[in-house]
Amino acid sequence: MNTMFSDVLAVGENPQPGGGYRPVSGTYTGQSGSDRLELRVDLSESSQNQYQPLNLVSGDFFQNMGGGEWDHRQSFAVEHPSIGWEPEQVTITGDMIYYRSTDLPSSGQEASTRHILKTVIPLTIVHQSPVPATVHVIRWGSHEATYLCEKTSDFLRTIELEIDRISGTQLPRTFQSHTLKERPQDLPPLDLSIAHAYRRAGVDMRLISDSEVFSPAEAGHDLKWDEDELHHAMETHFSQWRHEPQWKLYLLIATHHRLYPDRTITGIMYDSHYRDPNDPYPRQGVAAFYSSMTSVWNHLSPEDFDRNYLRTCVHELGHALNLVHCFDQNRANSATWMNYPWRYPHGYNLPSGWDGTRDFWQDFRYEFDAEELHHLRHQALMDVIPGGTGFGSAGHDIAAPPAADPRQQQAEPIALYVRTRPERYLFDFAEPVTVELKLKNQTGTPVVVPDMLNPEFGMLELFIRDPRGQVRPFRPLFRLCGEVRRTELPPGGKLYESIFIAYGAGGFYFAEPGEYQMWAVYGASGLRIRSNVLRVRMAFPQGQDDEEMALWTFGRDQGHVLSMRGAEHLRGGNDQLREVTDRFPETRLSRYIHYCFGYNQAREFKDVVQGKIRQPQPEEAIQELEKARAFSPRWDRHSSLDNITHGRAVDLLSDLYRKTNQPKQARSVLTQTARYFTRMKVKPEVIEDMRARARSIGEEY
Amino acid sequence: MSKKPIETAHNSAVSGIPDIEPPIRIELRTSGGARRSLAEDLELSVQITNISGEPVWMVGVVPGSDGLRYPQYVAEIEGPEGSEQTRLPEDLDYVRGLRAEDFVRLAPGQSFDPQGKDFIPIQQLAWFKPTKHGTYQFRLRFDATEPDPRQWMGHTRITDPRSIERMIQRVPPVRVWSNTLEIEYW
Numbered sequence: 001m002n003t004m005f006s007d008v009l010a011v012g013e014n015p016q017p018g019g020g021y022r023p024v025s026g027t028y029t030g031q032s033g034s035d036r037l038e039l040r041v042d043l044s045e046s047s048q049n050q051y052q053p054l055n056l057v058s059g060d061f062f063q064n065m066g067g068g069e070w071d072h073r074q075s076f077a078v079e080h081p082s083i084g085w086e087p088e089q090v091t092i093t094g095d096m097i098y099y100r101s102t103d104l105p106s107s108g109q110e111a112s113t114r115h116i117l118k119t120v121i122p123l124t125i126v127h128q129s130p131v132p133a134t135v136h137v138i139r140w141g142s143h144e145a146t147y148l149c150e151k152t153s154d155f156l157r158t159i160e161l162e163i164d165r166i167s168g169t170q171l172p173r174t175f176q177s178h179t180l181k182e183r184p185q186d187l188p189p190l191d192l193s194i195a196h197a198y199r200r201a202g203v204d205m206r207l208i209s210d211s212e213v214f215s216p217a218e219a220g221h222d223l224k225w226d227e228d229e230l231h232h233a234m235e236t237h238f239s240q241w242r243h244e245p246q247w248k249l250y251l252l253i254a255t256h257h258r259l260y261p262d263r264t265i266t267g268i269m270y271d272s273h274y275r276d277p278n279d280p281y282p283r284q285g286v287a288a289f290y291s292s293m294t295s296v297w298n299h300l301s302p303e304d305f306d307r308n309y310l311r312t313c314v315h316e317l318g319h320a321l322n323l324v325h326c327f328d329q330n331r332a333n334s335a336t337w338m339n340y341p342w343r344y345p346h347g348y349n350l351p352s353g354w355d356g357t358r359d360f361w362q363d364f365r366y367e368f369d370a371e372e373l374h375h376l377r378h379q380a381l382m383d384v385i386p387g388g389t390g391f392g393s394a395g396h397d398i399a400a401p402p403a404a405d406p407r408q409q410q411a412e413p414i415a416l417y418v419r420t421r422p423e424r425y426l427f428d429f430a431e432p433v434t435v436e437l438k439l440k441n442q443t444g445t446p447v448v449v450p451d452m453l454n455p456e457f458g459m460l461e462l463f464i465r466d467p468r469g470q471v472r473p474f475r476p477l478f479r480l481c482g483e484v485r486r487t488e489l490p491p492g493g494k495l496y497e498s499i500f501i502a503y504g505a506g507g508f509y510f511a512e513p514g515e516y517q518m519w520a521v522y523g524a525s526g527l528r529i530r531s532n533v534l535r536v537r538m539a540f541p542q543g544q545d546d547e548e549m550a551l552w553t554f555g556r557d558q559g560h561v562l563s564m565r566g567a568e569h570l571r572g573g574n575d576q577l578r579e580v581t582d583r584f585p586e587t588r589l590s591r592y593i594h595y596c597f598g599y600n601q602a603r604e605f606k607d608v609v610q611g612k613i614r615q616p617q618p619e620e621a622i623q624e625l626e627k628a629r630a631f632s633p634r635w636d637r638h639s640s641l642d643n644i645t646h647g648r649a650v651d652l653l654s655d656l657y658r659k660t661n662q663p664k665q666a667r668s669v670l671t672q673t674a675r676y677f678t679r680m681k682v683k684p685e686v687i688e689d690m691r692a693r694a695r696s697i698g699e700e701y
Numbered sequence: 001m002s003k004k005p006i007e008t009a010h011n012s013a014v015s016g017i018p019d020i021e022p023p024i025r026i027e028l029r030t031s032g033g034a035r036r037s038l039a040e041d042l043e044l045s046v047q048i049t050n051i052s053g054e055p056v057w058m059v060g061v062v063p064g065s066d067g068l069r070y071p072q073y074v075a076e077i078e079g080p081e082g083s084e085q086t087r088l089p090e091d092l093d094y095v096r097g098l099r100a101e102d103f104v105r106l107a108p109g110q111s112f113d114p115q116g117k118d119f120i121p122i123q124q125l126a127w128f129k130p131t132k133h134g135t136y137q138f139r140l141r142f143d144a145t146e147p148d149p150r151q152w153m154g155h156t157r158i159t160d161p162r163s164i165e166r167m168i169q170r171v172p173p174v175r176v177w178s179n180t181l182e183i184e185y186w
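Just so you know, the sequences run in chain order E and D.
So that you can map any letter, position 561 of the first sequence is 561 in my numbering, and since no number is skipped, the others follow by simple counting.
So that you can map any letter, position 69 of the second sequence is 69 in my numbering, and since no number is skipped, the others follow by simple counting.
Please keep in mind that the hints were generated in silico from the structure rather than gathered at the bench.
Please read these numbers as outputs of a predicted model, since none were measured by experiment.
We treat Cβ as the ideally placed atom computed from N, Cα and C, and that holds for glycine.
Careful, some of the hints might be misleading.
Stated by the list, open to error - Derived contacts from chain D toward chain E, CB cut-off under 8 Å, selection only:
| hint | residue |
| --- | --- |
| 1 | E27 |
| 2 | G82 |
| 3 | Y136 |
| 4 | G154 |
| 5 | T159 |
Said to hold, decoys possible - Cβ-to-Cβ under 8 Å is the rule here; a few derived chain E residues that face chain D:
| hint | residue |
| --- | --- |
| 6 | T266 |
| 7 | W342 |
| 8 | G392 |
| 9 | R556 |
What the hints assert, rightly or not - Below, simulated DSBU-like cross-link-like pairs (lysine-lysine); rule was C-alpha separation at most 30 Å, straight line:
| hint | chain 1 | residue 1 | chain 2 | residue 2 |
| --- | --- | --- | --- | --- |
| 10 | E | K224 | E | K181 |
| 11 | D | K129 | E | K181 |
| 12 | D | K117 | E | K612 |
| 13 | E | K438 | E | K612 |
| 14 | E | K681 | E | K440 |
| 15 | E | K612 | E | K664 |
Based on the provided sequences and hints, a complete structural model is requested.
Set out below in structure tokens:
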């Protein structure tokens, strides 16, 4: 969820009249031509909310395919809407952020188009007939479409659940929260069932059948089920099972899990890629192992058993809706349905003999946490719907703001550009990607802007869409804090920054071959400036050598060395990158590694662990930097480094030559680079500055 | 996948083992003494060293490594009354997909901590708490002999499964035991 720019569109106060009014939150559906819109409105209201509000809006567009078939087109969210409550209506406005199903190839269109959603919902009292909401989709300041939407549910998703059981097992019973003393003291009494647990999350889980009881013969004589047997049972007994995504789920109350008889496994979501990597419609069924539960929880009171049984069912159904464990997402201390009570709040970092069960129930409010609620209600349809994307692939996608349209960008007073310099589309496999950011004053007057284009300052966000269509924010390794640094840009003035984005806190961002798209959003001076979309393609590995090179390179320590331009303490990473330069010297990757090594050796290194200081090693640094800047016939007399990095390497090299009493070389690298930059059409002032420095070295000696 | 398994041991005699030198050595260590009270926490560290002349690819401890997926890091604990079953209160109902970052390349002579940064503790070892006075023996078994990559990959979707399969192929198909650590609890 993007919270960095929440100041741009603030959530409004809620002067909604008091009781007696119909709730505004829920699902609205309407048509415009052959398109259908399903809108989910999730607002904090004066009247008692049925579920915890998140104050945002999301929706899905469908297209009529004829014969009653609707084809899902796009999901979107309005993350930080402006909400205007008036006596007779509420108006919700904001930027639509389009999601993509991570399994589809990217067209790129959605990243460059800005749409605004404006929804007007009349407020009606309970006994009045509801009045439809009017939803405008506005593109470029003009209406693109208007939908008149009827409210179709007070909830945000509707799911039909079918439960079958094996003879000898029991269905989960309703659990009354106040029957057990381990609970939050301020928790009101709750009568909890699977359906109620999900309704508290804004999901209308409707139980459509719990009647079928069948023999355990399908599990074999041992009554133990494996994934294939469970899937087969689903295909046979799930009356509404279809080979397609649908808002329907199947829960089988089974006996035992087969694979790990010495393990305590009380439930699973068996319909994953583990069972069948090629299953196009995963996540349709789950199982709870009643016989295992009665065996391992035989010491529990009936109420405590019911509570644990219910938790297992809600938890497994959460997996079917593509929720993963909270401790797999660095939220081990979240008291949610998706945690394990005994692991709470440590997750995998278990103290000896730890049992957090009691603490968990003391803190657990029988709810999903905010991240999970956002996923269930507002994540892209295909990432949630049973039969959609693969298990674990949702919740990792993000709702990225769209990029600017090129025409819009030209009209903006300040424009942000992401580009490669020299301009390139094709990158070698495993080659580090560095992009150049340019902020340009397009007005006729000077403009003061923050000079903080580096993502480490937190004002600029970079988004990367990988070849599979998954969008990831680039997360730098470090976050820098400090005063906002400002600079005045004259009319036509530009601010530049070179960003190494091959590796960051999210690992290697370009590890797969294929086309990538990148765009940036800069929150500056109350503005939210969106960049163009930059497309680059990572080449497929050309053979065994490229594969080898990637294996030597794609490691955490190597990533740190490349990102930090040298990290002496990461010896393993340095050793492996040295292997790359030794074995594959004529590659762009090797040239960049030489740059990192040279940069590192030119500076002092304080080893705080060893308590030693390594002094700068100018001679070694020079050797590395000379290799880094070297041209190769392979690249048509171009540097393998981008212009800014090449310039930095040369500046450092010239400085090192001066410090080691080699003025001729110091001058020479500057004049050579000035000629190269002239050929590359680099800004004249940069070239002139280089020439001036070369002349000054001449005068000095 | 045509990995030929090698079963071997380090610092322990196991019958029926082919006479093949393993490429790695596993050392189980403790910062505390060999004698301690039951109230003391058990802190064991693990170091894996490449003792071959070639680079070796390894996978650190990831969710499910303690028996739900390969490679396995399984703690074998002998207490005063025989084998200790460190059965966790509830096991994972899925394990996350294997990632490229989970693989570590060890140059000849290089070591790494499979429970270190970016990995997780061996769950049964971390959670284990001795309850009876007497001598306990701890040993760790690393097992990468499973030829079916499906048993390594985990349950959540992997972005590039083919490349992960290729990386799995590089992990030596060995079963290796650590030294045995003996601790007396009073």
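Verification of the supplied hints:
no.	hint	result
1	E27	18 Å, violated
2	G82	16 Å, violated
3	Y136	13 Å, violated
4	G154	7 Å, holds
5	T159	7 Å, holds
6	T266	7 Å, holds
7	W342	4 Å, holds
8	G392	2 Å, holds
9	R556	6 Å, holds
10	E:K224 - E:K181	35 Å, violated
11	D:K129 - E:K181	28 Å, holds
12	D:K117 - E:K612	24 Å, holds
13	E:K438 - E:K612	40 Å, violated
14	E:K681 - E:K440	18 Å, holds
15	E:K612 - E:K664	34 Å, violated
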